[in-house]
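Engineer: Take a look at the letters that make up each chain.
There are 10 protein chains.
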Amino acid sequence: MPDTSLLESFPTPSDTPFVIEHTSEEFTSVCPVTGHPDFGEVTLIFEPRTNKAGGTCVELKSLKLYLQSFRNEGIYYEAVTNSIRDDLAKLMEPTWMVVRTDWKGRGGIKSTIRATVGDVPGMWLR
Amino acid sequence: MPDTSLLESFPTPSDTPFVIEHTSEEFTSVCPVTGHPDFGEVTLIFEPRTNKAGGTCVELKSLKLYLQSFRNEGIYYEAVTNSIRDDLAKLMEPTWMVVRTDWKGRGGIKSTIRATVGDVPGMWLR
Amino acid sequence: MPDTSLLESFPTPSDTPFVIEHTSEEFTSVCPVTGHPDFGEVTLIFEPRTNKAGGTCVELKSLKLYLQSFRNEGIYYEAVTNSIRDDLAKLMEPTWMVVRTDWKGRGGIKSTIRATVGDVPGMWLR
Amino acid sequence: MPDTSLLESFPTPSDTPFVIEHTSEEFTSVCPVTGHPDFGEVTLIFEPRTNKAGGTCVELKSLKLYLQSFRNEGIYYEAVTNSIRDDLAKLMEPTWMVVRTDWKGRGGIKSTIRATVGDVPGMWLR
Amino acid sequence: MPDTSLLESFPTPSDTPFVIEHTSEEFTSVCPVTGHPDFGEVTLIFEPRTNKAGGTCVELKSLKLYLQSFRNEGIYYEAVTNSIRDDLAKLMEPTWMVVRTDWKGRGGIKSTIRATVGDVPGMWLR
Amino acid sequence: MPDTSLLESFPTPSDTPFVIEHTSEEFTSVCPVTGHPDFGEVTLIFEPRTNKAGGTCVELKSLKLYLQSFRNEGIYYEAVTNSIRDDLAKLMEPTWMVVRTDWKGRGGIKSTIRATVGDVPGMWLR
Amino acid sequence: MPDTSLLESFPTPSDTPFVIEHTSEEFTSVCPVTGHPDFGEVTLIFEPRTNKAGGTCVELKSLKLYLQSFRNEGIYYEAVTNSIRDDLAKLMEPTWMVVRTDWKGRGGIKSTIRATVGDVPGMWLR
Amino acid sequence: MPDTSLLESFPTPSDTPFVIEHTSEEFTSVCPVTGHPDFGEVTLIFEPRTNKAGGTCVELKSLKLYLQSFRNEGIYYEAVTNSIRDDLAKLMEPTWMVVRTDWKGRGGIKSTIRATVGDVPGMWLR
Amino acid sequence: MPDTSLLESFPTPSDTPFVIEHTSEEFTSVCPVTGHPDFGEVTLIFEPRTNKAGGTCVELKSLKLYLQSFRNEGIYYEAVTNSIRDDLAKLMEPTWMVVRTDWKGRGGIKSTIRATVGDVPGMWLR
Amino acid sequence: MPDTSLLESFPTPSDTPFVIEHTSEEFTSVCPVTGHPDFGEVTLIFEPRTNKAGGTCVELKSLKLYLQSFRNEGIYYEAVTNSIRDDLAKLMEPTWMVVRTDWKGRGGIKSTIRATVGDVPGMWLR
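Protein chains in written order, with this note's numbering: chain A, 1 to 126; chain B, 1 to 126; chain C, 1 to 126; chain D, 1 to 126; chain E, 1 to 126; chain F, 1 to 126; chain G, 1 to 126; chain H, 1 to 126; chain I, 1 to 126; chain J, 1 to 126.
In case anyone wonders, no lab produced these hints; they're calculated from the structure.
Just so you know, these numbers come straight off a predicted model, no measurement behind them.
Using N, Cα and C, we set each Cβ at its ideal position, and we do this for glycine too.
Don't take each hint at face value.
[As the list claims (entries may be wrong)] Distance condition first, Cα-Cα at most 20 Å in a straight line; then the derived EDC-like pairs of lysine to aspartate or glutamate:
#1 A:K104 with F:D102
#2 B:K110 with C:E25
#3 A:K110 with B:E47
#4 H:K104 with J:E41
#5 D:K104 with E:E21
#6 J:K64 with J:E8
#7 E:K64 with E:E21
#8 C:K61 with C:E25
#9 F:K110 with F:E78
#10 H:K64 with H:D102
#11 I:K110 with G:E73
#12 F:K90 with F:D119
#13 I:K104 with G:E41
#14 E:K90 with E:D119
#15 H:K110 with J:E73
[Said to hold, decoys possible] Simulated coverage check for chain A against chain B, where a stretch passes if three residues somewhere in it have a Cβ under 8 Å from a Cβ of chain B:
#16 57–70
#17 106–113
Please take these sequences and the hints and turn them into a complete structure.
Structural biologist: The following block contains the structure:
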């Protein structure tokens, strides 16, 4: 199972709202039906709660290790996206967050899945 | 005729709304007037109903086979787009859906057709 | 003169609103002042009225022939754009339409002209 | 000084609102501090007043000559942008206009300046 | 410490609102944990207060020197972004401002941080 | 079977050697093992024999119809490439020819096959 | 007929060999079979004979007018290319020359034709 | 260990020399020092021996499975490249072959490794 | 006249041959016929003579000032290219040198001129 | 001074010649005249001597640290390139090597410097 114990966070360094975007171009998991590897890209866009509201931000190296823990997991595109959304929402309780996964395709069909937390302003839903 | 019996779906894996986008870069059908092949790209963007609302998502391999069933069909651009929209709307009854077809062009004119179901948020109409 | 008698239309194949976009990358007319040829691209984006409302769509080959009839016409960028808008609006009476012409440039200046019919949703004004 | 006497206009050829965009990729002026040349791109986007409202459009060759008159002018990025805006606003009194200048950069910093006239719809502020 | 004494400004050259965008493609600082250099791009987008409101604009060469003063500073992505935002907000008190930093990535993850001042119109939050 | 009777040629219009390159971006055949469609691009580069040597060039429309005749043929990448090479070599007996097929990929692997006739100068082997 | 009387030349301005390349992105002629317009790009690459050898170079504006004279000519791709090669070879008698025409395509097939004069070094045959 | 038993071949379908190029965009292995995953692209270019010389070609699906067998292997860039070269050379004994691996980079450094078999013509060493 | 007194050089810092390439994207001069400005890019590629052979390299800032001295010069493309070649050849007496100028185009025709000194290896003639 | 003690190597893992290419996109040093930072990209392409010939390859992390040691060094483009060439040639004594540095430009002029060791095959001099 993806290992949420790898995730760490640090206090938001500001009381003014701001937006963080992380993109991992090197994501891989395994198709639960065929056993073949899937390759994709994972993007997080979120507004952390402010420092005085007790907000936290995911630590970058821990995020990398957490994403690597999907490497040999048999799991569908939709479940990868929803798992990452749920695990990071639990960790940070952000004001809002978008998790987008872009998959290189199987059988000539490329897929993109987007899952959200909170009230995401429209311009971030891309 | 395009074969809707090929389409399969699975229950939406989440009760939080999310957005799915599938793009097939390898679509072909036949022009009903000239008999020459048409080549294009088919993109679906939709928000499935949630799991607790009984929502379903189209299964990826079945989508591929369904799209392949247009291969030797004599059918206009507009009709391809509306057929796919109608067949997938019937299968999934999504909250909203956009079907976009991008055609490589005939006689120096490229075409893009977009058909929708439900109340599509503006940022997805691209 | 551009020959509107070349334009043909067919009944809209659906009662659900949808959007059609045609792009001709091979448009040429003649500058009425210098007599030199102008080269550009013509894009139409429109929502036809529905079938039950008596809506029609421009036929693709007739559109090509109509656009070719500008080939030796001495006419300004703005007039090309407004003529195409007027002729197609008369033919189809669409719910809304955008006509955009993108010109390769004269004297180091590229130009784009956009003319509209009806109440065009903002996301199509690009 | 940039020579506004070079600017000419012609009556708007339509009573239906439309949008004109001109881009000159070959603009140069001189930095007033260092005396080194600056290179950039100038883009105008505007909606002329209609014909019946007495609207006019800038003539393309006169625009080219006017922009060339900045060639040996010592002038800041911001002043170039505001001058062009003021001169063209006075010439045409458009419904709205955006003047955007994109500069190739000095000291590793690229700059873009946008100045406006009237109530510019959001989608043109790009 | 980044050296705010390097920053200089000049009076806004206009009483009509306009928008300034500066992009430095050559930014580097040092990771406070590993000591390895970070490389990125810094973009400012802001509307200065008008001249009659006492508005000022950051001077371009001083901005370059200020950004260079981060060169050997051990500092996190988020702190870089918030520092630049705070220092320039104090210097200019703009109507609104966006500071965006795009980082080349560590461990396969690229990051973008956006911090804002004032009420930023949505189209500038990109 | 691909239908070579569709191929037509016309006499080379010159006695000076020259080089012809045709690229069809819309090629499709069927995988003989899985029955799934393959999509690719076919490029011919050849030097026809001169007119006085009795040389001929493939006629463009006949080439299109010939390539379309592979549409429902179950055939491997290598065989497609060698068939086209053999059929066109027989038709034209060119001084030299390269046939290159670029395939969109199966199972994450894209393929390019090149087959030749005669002594192809190195710069055309791309 | 293409009008060679439009072509003018001037004496080569150097006794050291050099290479000239001109690309016209705005070429159009007419298909002699269908009567539909063809659109393409014409590129010349040549080494003029030196001044002391009596060499000449084609004048740029005369080249433009000459290329425009093909506008309403019914003529095949190969013939366009060979005509331009012959006319310019006669005008300049260059040390060597390549004429390349790149056509936008008919029926999904793009074509490139190359004709040469003299002994063209391999690196220019692209 | 990478599993060479997965590799299968089929007889070369031609007696005329030709060139095959396969590119897998989805390769991953593990760094033997840090344990972190590496991501790259593997390209093979080879000329199989002819049919009458007993030549064979690697079967595409078996190649995919073989490349997947590196997924959890701790192995350096250079060793990956040399292993693939050795395994495929043993399988096919091609006339010549290039194996190129392009790696996404570690610590800001991207790497490309090329290993060869036989006498590779220069134009394929890219 | 372009001012060769602005050019400075420094001794080649090595006795091992190496290759230097400088590209100025911001070159402008004036057409001697029309008086309109021309815009282009100037590229130098050269191998300086070695230090022990008394070789020198052009100093970068002096090159910039020299190229700026063409700003208001009425001069043809070919003459610009040959002048730069002659002036730099006299300054440095390099082992070999290529001067390439790429012009943005007049009347829809882009031009590239290449002039050389010495025996230029083929791979640099691009 | 750049610190060559940071460089480490390992024995070439093969007796068959192969080619290694490393590209660091994140290089920075300081201009010795102005004190401003320079930013560039460093590419090495080399053929190590074989294992049985006692050949070695530079270790990737040590290369990164070595390149970082130029960070606050006041040094010219040409000297950077020649230093890296000399230091790596001494470390590995490769069969041949190319060191290429691509600089982001100063005063509108981009530069590329190439230095070599041994007899570099032409196709690698790019």
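Engineer: Check the structure against each numbered hint from earlier and tell me which ones fail, lowest number first.
Structural biologist: 11, 15, 16
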